[in-house]
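Asks: Here's the letter readout for the chains.
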Amino acid sequence: MKDVLHSTLEKITQLGASYAEIRAQKNRNTILSVKDGQVESVTLANETGTGIRVLAKGAWGFSTTNSLEQVALEKSLHNAFKMANAAGKSVREPVKLAQVKSVEDKDFIAVKKDPKDIDISVKIDNLLKINKSCFDFDKKIKSVTINYADLFTQQTLATTEGTFIEQLKMFVWNYCWVTGKSNGIMASARDEIGAHGYELYDYEPSEKIAERVSKKVIQQLEAKTPKSGSHPAIIGTNIVGVLAHEALGHICEADLTLSGSALMGKTGEKIASNNVTIYDSALIPEGFGSLKYDDEGVPGQRTQLIENGILVGLMHNRETAAKMNVPPTGNARAQDFRVTPLIRMRNTCFEKGNYSFDELLEDIKFGYYLEAFRGGQANLDGTFTVGVQSAFEIKNGKLGQPVRNVGIAGNTLQTLQQVDACGKDFGLEMGRCGKGQMMFESSGGPPVRVKNILIGGA
Amino acid sequence: MNYIELCREAMKSATAAGAQEVEALIISNQSISVEIERAEIKTCVDVKDVGMAVRTITHGKIGFAYTNMLEKREINKTAIQAANASKASLTDKNWRHLPESKGYPTVKQTYDERITKFTPDEAVIMCQKMMTSATEFDKRVLPAFGGTQVSTEKTVCLNSHGVEVEDKGTFFINVLGTMARSEAQVSPMCVEFKATRTYAPEPEWVGSEAARLAIESINIGKAEAGKFPVLLDPFALQSILRFTLIPSIRGDIVFRGRSILKDKIGKRIAGKNLTIYDNGILPGGLRSGKTDMEGVPRQKTPVLEDGLLQGFLYDNYWARLEGKESTGNANRGGGGLQLPPYGTLPSINPTNMMIKTGTARDDELIQEVKNGYYVRNVQGAHQSNPETGEFSVALAPAWRILKGEIVHAVKGAMIVGNVYNLIKKISALGKAARQLDMFVAPKVIITELDVVSK
Numbered sequence: 001m002k003d004v005l006h007s008t009l010e011k012i013t014q015l016g017a018s019y020a021e022i023r024a025q026k027n028r029n030t031i032l033s034v035k036d037g038q039v040e041s042v043t044l045a046n047e048t049g050t051g052i053r054v055l056a057k058g059a060w061g062f063s064t065t066n067s068l069e070q071v072a073l074e075k076s077l078h079n080a081f082k083m084a085n086a087a088g089k090s091v092r093e094p095v096k097l098a099q100v101k102s103v104e105d106k107d108f109i110a111v112k113k114d115p116k117d118i119d120i121s122v123k124i125d126n127l128l129k130i131n132k133s134c135f136d137f138d139k140k141i142k143s144v145t146i147n148y149a150d151l152f153t154q155q156t157l158a159t160t161e162g163t164f165i166e167q168l169k170m171f172v173w174n175y176c177w178v179t180g181k182s183n184g185i186m187a188s189a190r191d192e193i194g195a196h197g198y199e200l201y202d203y204e205p206s207e208k209i210a211e212r213v214s215k216k217v218i219q220q221l222e223a224k225t226p227k228s229g230s231h232p233a234i235i236g237t238n239i240v241g242v243l244a245h246e247a248l249g250h251i252c253e254a255d256l257t258l259s260g261s262a263l264m265g266k267t268g269e270k271i272a273s274n275n276v277t278i279y280d281s282a283l284i285p286e287g288f289g290s291l292k293y294d295d296e297g298v299p300g301q302r303t304q305l306i307e308n309g310i311l312v313g314l315m316h317n318r319e320t321a322a323k324m325n326v327p328p329t330g331n332a333r334a335q336d337f338r339v340t341p342l343i344r345m346r347n348t349c350f351e352k353g354n355y356s357f358d359e360l361l362e363d364i365k366f367g368y369y370l371e372a373f374r375g376g377q378a379n380l381d382g383t384f385t386v387g388v389q390s391a392f393e394i395k396n397g398k399l400g401q402p403v404r405n406v407g408i409a410g411n412t413l414q415t416l417q418q419v420d421a422c423g424k425d426f427g428l429e430m431g432r433c434g435k436g437q438m439m440f441e442s443s444g445g446p447p448v449r450v451k452n453i454l455i456g457g458a
Numbered sequence: 001m002n003y004i005e006l007c008r009e010a011m012k013s014a015t016a017a018g019a020q021e022v023e024a025l026i027i028s029n030q031s032i033s034v035e036i037e038r039a040e041i042k043t044c045v046d047v048k049d050v051g052m053a054v055r056t057i058t059h060g061k062i063g064f065a066y067t068n069m070l071e072k073r074e075i076n077k078t079a080i081q082a083a084n085a086s087k088a089s090l091t092d093k094n095w096r097h098l099p100e101s102k103g104y105p106t107v108k109q110t111y112d113e114r115i116t117k118f119t120p121d122e123a124v125i126m127c128q129k130m131m132t133s134a135t136e137f138d139k140r141v142l143p144a145f146g147g148t149q150v151s152t153e154k155t156v157c158l159n160s161h162g163v164e165v166e167d168k169g170t171f172f173i174n175v176l177g178t179m180a181r182s183e184a185q186v187s188p189m190c191v192e193f194k195a196t197r198t199y200a201p202e203p204e205w206v207g208s209e210a211a212r213l214a215i216e217s218i219n220i221g222k223a224e225a226g227k228f229p230v231l232l233d234p235f236a237l238q239s240i241l242r243f244t245l246i247p248s249i250r251g252d253i254v255f256r257g258r259s260i261l262k263d264k265i266g267k268r269i270a271g272k273n274l275t276i277y278d279n280g281i282l283p284g285g286l287r288s289g290k291t292d293m294e295g296v297p298r299q300k301t302p303v304l305e306d307g308l309l310q311g312f313l314y315d316n317y318w319a320r321l322e323g324k325e326s327t328g329n330a331n332r333g334g335g336g337l338q339l340p341p342y343g344t345l346p347s348i349n350p351t352n353m354m355i356k357t358g359t360a361r362d363d364e365l366i367q368e369v370k371n372g373y374y375v376r377n378v379q380g381a382h383q384s385n386p387e388t389g390e391f392s393v394a395l396a397p398a399w400r401i402l403k404g405e406i407v408h409a410v411k412g413a414m415i416v417g418n419v420y421n422l423i424k425k426i427s428a429l430g431k432a433a434r435q436l437d438m439f440v441a442p443k444v445i446i447t448e449l450d451v452v453s454k
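Protein chains in written order, with my numbering: chain A, 1 to 458; chain B, 1 to 454.
Rather than coming from a laboratory, the hints here were simulated on the basis of the structure.
Please note that a few of the clues may not be correct.
Calculated pairs, DSS-like style, for lysine-lysine (alpha carbon to alpha carbon, straight line, at most 30 Å) [to be verified]:
id	chain 1	residue 1	chain 2	residue 2
1	A	K227	B	K194
2	A	K82	A	K129
3	B	K168	A	K142
4	B	K48	A	K82
5	B	K424	A	K224
6	B	K102	A	K140
7	B	K222	A	K266
8	A	K169	B	K48
9	A	K26	B	K454
10	A	K266	B	K139
11	B	K87	A	K89
12	B	K129	A	K96
13	A	K435	B	K267
14	A	K398	B	K454
15	A	K113	B	K87
16	B	K139	A	K96
17	B	K227	A	K224
18	B	K154	A	K365
19	B	K454	A	K352
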């Protein structure tokens, strides 16, 4: 394999490319789906493919092939070179890459329980148990969907700079969507968890998952809608990471920052209250976005974004790092061999503070505790939205009635100034981000109190 | 071996491995795209992705396997893997049988030879035209991202009930996302595009429209909270509907008791001025074709007629379960893991949801709103509650209408509501419709929506 990749890469250098990389993958996926107790499908898949990226004439060319044979690779490489030449015709500012040390390494993620050693019947049985526990939780539970996937990737990255990295990646993912009905009202809740092995279910047994998600459904059935408008809020550990991801993370991705995001030219400036420290780390062992090397061969690391309210860093690939004259941060990630690496978050978190949950509550006369999220979205101008699936009123410093269908919206530069206290607990949530490509990531932090945030409730 | 022969080979192997019913599907997609990033053309991508999916059923147990390696050996392995997967599964009491062979419609304007011959160099020129048009419109505009993409898709589907169908289609898209800055303000990302099945690019229009939106978004004024009439652009309308109304008309959601519309066929759920068809055979429609993704002919299906609910959308699995015929709405791929099109079992998805247009011109619509908002797009619609139809979304970009005229952009406001109220409160529909992904829709006025603002 190594010889094939190296001799292919040698040819591209002779053609006049300034850089090229080959990302070869073998993927093995098992995907299961259970809907209302029926096993909808057992999916088994094998994929092989190679993504080849070439830098020539100051522009990128990219081509894919589903073969690892030298002939196919060379053809694809030539194609990528041709593509780079086409794009390069109009380039005014040629793409440059930040220098990195070439690396030869193998990184095989530590999987305690390899899903391939677990019989499919055991996996199905576990999902059926989650399903049954949801229906048993309350008669009001009417519909349960459970999706499971174990995704294994063997990836080799070889570059013309001499980098040769073999990585084994493993994701075990469990997603539930549960719906309940009572007195004509319908409500639903989602639950998404993951780990780098089947040990996921050792600390997330079926009953625990079922209870967590079903409880949210029942709670929402009894909930009222919130009062729309600006209110103080405590953003819980399940949501705070989404806030870090949507309100700050995306516009700290240097490709987006350079495209004119609300943070363009603001590095070194105070953009948040002193209580805000946010980082994106590749080094949290259980994190779904952790990696030893990114898809450009840059070592994973912890990247500080905001330090006590000051914007101190952005997330980079080699190209944006060169453009801004800073070291790359290891954030270049591609969903698979079919696509080019983009700047993506890994595990994005608020730093802890020292308030207990009760202390966060006690100063709020009327507001909301936002407990669990449904999804989020960011815009380059700093407008962000987070959909909330479970929330509670706060009245006179105490948690009150549940509320449902809350959406929060704000602007990064205003909202982060409103953070007036951070809790001492910490939560990390596994999730997926869609920036054109699906990417596993995590986000987290402590409960965070904001003085005011726009709450919309239908 | 051609694709049909490969499918036959897979069916033979799966049957030999014990499968009672077999379906083999090949989907290939070849695309060339030139990408714009920060006013530069910096990347050109050539991707060919092809894969096979094999679905097998044995004693009601469904197995599925896919691969992107189309050598005979791998095809046989995948077919056997699918048969083994069905053995490992449990009986699905809802399973009836795979689709049967039927005649297929002829759908016009879905394939254009010119697109298959389009070169990367031509795409670069197209991108340059878009960017030039944007920056010539106003120097404060940055073409932040976008590009030109052409693609050719082929689908081959065979099954053991005699289905054997081939379809091919072409796609052309020019898209530009722009941002504009003034000293005090940054616009939201403003996107314009033109997507067609035949070769009819308008890069200059895309560029100048994207620029116009961004420039008009930086003149920001106060967003007043309260109940207002709101003019929804097709972008905003489709964002809201796809995450609220659309799930509720899916046959699977209805069968599973998760749709609020379950017992409402023939009943009034919307104003008399709302008629919606799902038209999978619309000439030139972005989602048109002769077959769906499991070999069922695409068709035109009434969903809402004069506000009365007509029916739901089905694929084979859920239609059979209800004792109905599939409406040809089986789709593949995507899902939470964004798998390739050959990477999933069918799921129900609309094709081209056509909202019947009204008679009003754009200026008449704005005049009719008098005191309210014009919302081009919304953010956060995917966080809506699909079961109840409740939504709360941020407006980006959007404008205030006063005295029947657009006066300034607004920022940081939300609209909240329930889709089942929204579709009862449409007071006017524009006479022009445009296709955005799954909707072909005009602008509509909602007589009253809650606008939330600081």
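Asks: Look at each hint and say if it fits the structure.
Replies: The hints, checked one at a time:
no.	hint	in the structure
1	K227(A) / K194(B)	violated (40 Å)
2	K82(A) / K129(A)	violated (54 Å)
3	K168(B) / K142(A)	violated (41 Å)
4	K48(B) / K82(A)	holds (15 Å)
5	K424(B) / K224(A)	holds (23 Å)
6	K102(B) / K140(A)	violated (42 Å)
7	K222(B) / K266(A)	holds (25 Å)
8	K169(A) / K48(B)	holds (25 Å)
9	K26(A) / K454(B)	violated (51 Å)
10	K266(A) / K139(B)	holds (22 Å)
11	K87(B) / K89(A)	violated (55 Å)
12	K129(B) / K96(A)	holds (25 Å)
13	K435(A) / K267(B)	violated (40 Å)
14	K398(A) / K454(B)	holds (25 Å)
15	K113(A) / K87(B)	holds (24 Å)
16	K139(B) / K96(A)	holds (26 Å)
17	K227(B) / K224(A)	holds (20 Å)
18	K154(B) / K365(A)	violated (61 Å)
19	K454(B) / K352(A)	holds (29 Å)
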